[in-house]
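Assemble the whole structure, with the sequences as input and the hints as a guide.
For the protein sequence lines, the chains are V and A, in the order given.
Heads up, the first sequence is in the numbering used here, so the first residue is 1 and it goes up one at a time.
Heads up, the second sequence is in the numbering used here, so the first residue is 1 and it goes up one at a time.
One or more of the hints may lead you astray.
Claimed, not checked - Calculated lysine to aspartate or glutamate pairs in the EDC-like style (CA-CA distance at most 16 Å, straight line):
(1) A:74 x A:151
(2) A:20 x A:30
(3) A:54 x V:183
(4) A:74 x V:182
(5) A:261 x A:322
(6) A:74 x V:183
(7) A:270 x A:245
(8) A:54 x A:21
(9) A:74 x A:63
As the list claims (entries may be wrong) - From the derived model, a few chain V residues whose C-beta atoms are all more than 12 Å from chain A:
(10) 141
(11) 245
(12) 266
(13) 271
(14) 310
(15) 312
(16) 345
(17) 371
(18) 481
Keep in mind the hints are simulated off the structure, nothing from the lab.
These numbers come from a predicted model, not from an experiment.
Glycine included, each C-beta is placed from N, C-alpha and C at the ideal position.
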Amino acid sequence: MLRIRLGQEIDKGSFLIFLLIMAFLSAFLIYPIIYVFVNSFFIGGNISLYYFESMIQDPLYRESIVNSLTIGLTATVLTSLISIPLAFLMVRYDFPLKRLVQGLLLVPLVMPPFVGAIGMVQLFARYGAVNILLMNLKLISRPIDWFGGGFWGVVLLEALHLYPYLYLNVAAALSNIDPTLEEQAECLGSSGFRLFRTITFPLVLPGYFAGAIIVFIWSFTDLGTPLIFNYRKVVPVTIFSMVRDIWQNPMGYAFTVMTLFISVASIVIARRYIGSKTYEMMSRGHFTPRISRLRRWKIVLAYIFLGTLILAALTPQISVVLISFAEQWFFSPLPQSWTTRFYETVATHPLTVGSIRNSLFYSLSSTAIDIVLGLVIAYLLARKRVPGKDVLDSTVMLPLALPGIVLAFGYVTGFSGTILDPFIDPTVLLIVSYAVRRLPYSVRAAYAGFQQTSVSLEEASLSVGASPIRTIIKITFPLILANVIAGGIMSFSAGMMEVSDSLILAMKDQFFPITKTIYELDLRLGDGPYVASALGIVGTIIVSACILVANRLLGRSMGELFRA
Amino acid sequence: MVAVELSHITKTFGKTTAAKDVSFQVRQGELFFLLGPSGCGKTTILRIIAGFYKPDEGKVFFDGREMNSVPTHKRNVGMVFQNYALWPHMTVYDNIVYGLKVRHEPASECVRKAKEVLRVMRMEELALRYPNQLSGGQQQRVALARALVIEPNVLLLDEPLSNLDAKLRLEMRGEIKRIQRELRITSIYVTHDQEEALSMADRMAIMNFGRIEQIGSPMELYNNPGNKFVAGFVGETNFISGVIEDCALPDGHCLVRLSPKLKIRAKKEKSLGEGQHVVCSIRPEMIQIHDRAPVEKSNTFGARILSLEYYGTVEHYSLEVENGFVVKATRYSPRLHERKPGDLIYFSFHPEDVKLFPE
Numbered sequence: 001m002l003r004i005r006l007g008q009e010i011d012k013g014s015f016l017i018f019l020l021i022m023a024f025l026s027a028f029l030i031y032p033i034i035y036v037f038v039n040s041f042f043i044g045g046n047i048s049l050y051y052f053e054s055m056i057q058d059p060l061y062r063e064s065i066v067n068s069l070t071i072g073l074t075a076t077v078l079t080s081l082i083s084i085p086l087a088f089l090m091v092r093y094d095f096p097l098k099r100l101v102q103g104l105l106l107v108p109l110v111m112p113p114f115v116g117a118i119g120m121v122q123l124f125a126r127y128g129a130v131n132i133l134l135m136n137l138k139l140i141s142r143p144i145d146w147f148g149g150g151f152w153g154v155v156l157l158e159a160l161h162l163y164p165y166l167y168l169n170v171a172a173a174l175s176n177i178d179p180t181l182e183e184q185a186e187c188l189g190s191s192g193f194r195l196f197r198t199i200t201f202p203l204v205l206p207g208y209f210a211g212a213i214i215v216f217i218w219s220f221t222d223l224g225t226p227l228i229f230n231y232r233k234v235v236p237v238t239i240f241s242m243v244r245d246i247w248q249n250p251m252g253y254a255f256t257v258m259t260l261f262i263s264v265a266s267i268v269i270a271r272r273y274i275g276s277k278t279y280e281m282m283s284r285g286h287f288t289p290r291i292s293r294l295r296r297w298k299i300v301l302a303y304i305f306l307g308t309l310i311l312a313a314l315t316p317q318i319s320v321v322l323i324s325f326a327e328q329w330f331f332s333p334l335p336q337s338w339t340t341r342f343y344e345t346v347a348t349h350p351l352t353v354g355s356i357r358n359s360l361f362y363s364l365s366s367t368a369i370d371i372v373l374g375l376v377i378a379y380l381l382a383r384k385r386v387p388g389k390d391v392l393d394s395t396v397m398l399p400l401a402l403p404g405i406v407l408a409f410g411y412v413t414g415f416s417g418t419i420l421d422p423f424i425d426p427t428v429l430l431i432v433s434y435a436v437r438r439l440p441y442s443v444r445a446a447y448a449g450f451q452q453t454s455v456s457l458e459e460a461s462l463s464v465g466a467s468p469i470r471t472i473i474k475i476t477f478p479l480i481l482a483n484v485i486a487g488g489i490m491s492f493s494a495g496m497m498e499v500s501d502s503l504i505l506a507m508k509d510q511f512f513p514i515t516k517t518i519y520e521l522d523l524r525l526g527d528g529p530y531v532a533s534a535l536g537i538v539g540t541i542i543v544s545a546c547i548l549v550a551n552r553l554l555g556r557s558m559g560e561l562f563r564a
Numbered sequence: 001m002v003a004v005e006l007s008h009i010t011k012t013f014g015k016t017t018a019a020k021d022v023s024f025q026v027r028q029g030e031l032f033f034l035l036g037p038s039g040c041g042k043t044t045i046l047r048i049i050a051g052f053y054k055p056d057e058g059k060v061f062f063d064g065r066e067m068n069s070v071p072t073h074k075r076n077v078g079m080v081f082q083n084y085a086l087w088p089h090m091t092v093y094d095n096i097v098y099g100l101k102v103r104h105e106p107a108s109e110c111v112r113k114a115k116e117v118l119r120v121m122r123m124e125e126l127a128l129r130y131p132n133q134l135s136g137g138q139q140q141r142v143a144l145a146r147a148l149v150i151e152p153n154v155l156l157l158d159e160p161l162s163n164l165d166a167k168l169r170l171e172m173r174g175e176i177k178r179i180q181r182e183l184r185i186t187s188i189y190v191t192h193d194q195e196e197a198l199s200m201a202d203r204m205a206i207m208n209f210g211r212i213e214q215i216g217s218p219m220e221l222y223n224n225p226g227n228k229f230v231a232g233f234v235g236e237t238n239f240i241s242g243v244i245e246d247c248a249l250p251d252g253h254c255l256v257r258l259s260p261k262l263k264i265r266a267k268k269e270k271s272l273g274e275g276q277h278v279v280c281s282i283r284p285e286m287i288q289i290h291d292r293a294p295v296e297k298s299n300t301f302g303a304r305i306l307s308l309e310y311y312g313t314v315e316h317y318s319l320e321v322e323n324g325f326v327v328k329a330t331r332y333s334p335r336l337h338e339r340k341p342g343d344l345i346y347f348s349f350h351p352e353d354v355k356l357f358p359e
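Shown next as structure tokens:
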């Protein structure tokens, strides 16, 4: 009875809110996509596949599509080769320093790969530190092309940045396996690799696919990294360079639609597969996972694997730190002298100071939007019967399948000439784009909170005479606060280091967020890369601090935050 | 089918001792129960037999062959887990033939044996279902079938019925017993449900705090509990503290003083002498209830009915002898009567039904 009362009293209100939210999502999520779609299929008012035909026929365009797909697949394979054994090692074995290793493994999450790319270029470029060192040692006479023309550089950077996502997903799936399932197989005579192949791996597969799809889409659509490597024949860079002259050359629309199609298609395929293979573990309550201690030579092997991985994963970061403190690092294996000059520049130069201020403002605003919208939408979804709820649910989750570059492209083309024209002032669009991209996560976080909070707690409040609104504010919100804060902090740190929207939407110096400034600085000769590195480190520190705070506040592990 | 022997098994986890000097033998084809409260170490013993844990001390023998260094997958044990541990990514049929495939049995044998075991379990039509499409009872049968199809040396069952509802549990008790008898397979069954153990076991071991308290047939354990714990754990009983006053009554019983006014006659226990503090154990069903004072005066007491629960086939009384001194009594097939709480009645019991244990 009480539940119905709570429902009835604000149902009109919630329907109104539902309409407002749908209006917002239509304007900033549906409209730009439709705009891009329409422009890619219509030429002078007629439906035509002309752009798509020339996209496939033109060898240059075709090459960039092939390159991007190859990058996505290769990075996914490489990441899998790292993450599956890694997850198995970390979940199933105990060894000294395991906690430290767990922390170090997640460090790559806090720095966007394109900042790391600056460091990698310094180390491995034609006349970078490594080649100079090898030539000084007379080991090689001519510089080695470590990046394979940029392709392997991008793949490596993506893999080193993205392996934690896959590792966390596989590890979660692995520790979710009821140990009796494996013990049973042992009783029946199975062991070793056979046991892994027939029981363990099939049960981990759904988790693996969930992570692998993130890796594929991210590396397929990442804009920043190929830009820094100056590896321009890939889809995201092609779209990026087509934004500005979209009115002369509408090919950008077709590329964007194609990117969206590949991303959505791969998610649908993966979901279908995962959906058919996801198993509810039938056991009840808690179980202790099978953990054994590593011994003797196996521990050495584990340390070699982990050491190599962590060293490789931290190389870009370490290198960026070195650059930021280097007075000069040119034609030498290591910087000749050190300075804090570039941090002073970051702290005083109008461009860098302005970009930090911009990023803080954009991210805080988008976080505020995410928290409010996340709470309200999750409340509607979890507690209300509103007509069209399913539509709201799927619309809100849409950005999960929407690469940043697609949304940014839609914003630039769809809103130019309006009051929100990003060529004039991109502030609103930047804030909204950050918010929309993170919205699924904050809705999920709040939704999980609502689901864990029993309705009877609200009903108890109503029964002692509190009004529905008072109940929500005094009972419901405090109970789900932890989830919401975690979601908010993650939105904020994602905004601080967001790449595609920032690079595409911010076109004038005074609106640059941190990432765009890093990119612009890196292009400048002279001390550009040094200041860019220093700024990258400052941004990374802000993001790390946020995550540590979220950690402390919630007493949750960093891994859990990134899986949320 | 083998005989299983455990000799002086000790296992500790950190500071807790899960098993302390546990020894017992299970004969070929026997259905042997490990019964004890939760946390008593019975599952640890089962897992040591399966080979999941290595004992800190002691040895496990199958037919006299030491198994300590044999890993689980070479022991040929069939195990049924409490949660059934059915592989969710395989059909019933695939679950069942898994063990056969591991043993590289020819495909035709796999099919034949799987069909046979499905027939014995009466679930041929479920072969192609996935575990999550089965009811709890069906899952239970699949788990059993999967363990049996490999013709194991020994069948281990870890609280296999605890996840089933009461009615199904009764049905499966009979089913497991029937199959075990039919196949004459050595089985070790862990449970905390004493009814399950009493009704199914050939022999059983009572465990508490990692130790074996007593081993015997259900009837032996119920009628001759070796100590206070066994008396209290197997079946219901009244525990009453007292002091032995006289060990040499003319009728061969001994006299126990419960309070300054109350004395009872009990079965003589050789090891217990005069002045010894003891606990008397009297089963509720051994207590007779009389509306009028009976002729026989020894071990007869007046009491007031505190409460009375009527179940049709049985009736439970709570009787207060004097202030705070309460005795439970059970009467089977109660006839029509008009007793109600507050009534004064008499109850009595035979001295042979009073077991004494040192306090």
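Non-interface label on residue 481 of chain V, tested against every C-beta of chain A at 12 Å: holds (35 Å)
Satisfaction of hint between residue 63 of chain A and residue 74 of chain A, Cα-Cα up to 16 Å: This hinted pair holds, its Cα atoms lying about 15 Å apart.
Interface-negative label, residue 371 of chain V against chain A, beta-carbon threshold 12 Å: holds (37 Å)
Pair hint outcome, residue 74 of chain A versus residue 182 of chain V [Cα-Cα no greater than 16 Å]: holds (15 Å)
Hint consistency between residue 20 of chain A and residue 30 of chain A [alpha-carbon to alpha-carbon, up to 16 Å]: Distance ~24 Å between residue 20 of chain A and residue 30 of chain A Cα, so the pair is violated.
16 Å limit on alpha-carbon distance, applied to hinted pair residue 261 of chain A and residue 322 of chain A: holds (10 Å)
16 Å limit on alpha-carbon distance, applied to hinted pair residue 54 of chain A and residue 183 of chain V: holds (14 Å)
Status of residue 345 of chain V, Cβ more than 12 Å from any chain A Cβ: Check passes; 56 Å lies beyond 12 Å.
Consistency of the no-contact label for residue 266 of chain V, given chain A and a CB cut of 12 Å: holds (23 Å)
Beyond 12 Å from every chain A Cβ - status for residue 312 of chain V: holds (34 Å)
Holds or violated: residue 54 of chain A to residue 21 of chain A, with C-alpha atoms at most 16 Å apart: Answer holds: residue 54 of chain A to residue 21 of chain A is near 14 Å, not above 16 Å.
Reported absence of residue 271 of chain V from the contact zone with chain A (all CB gaps over 12 Å): holds (18 Å)
Violated hints amount to a single one, hint 2; each of the other numbered hints is respected by the structure.
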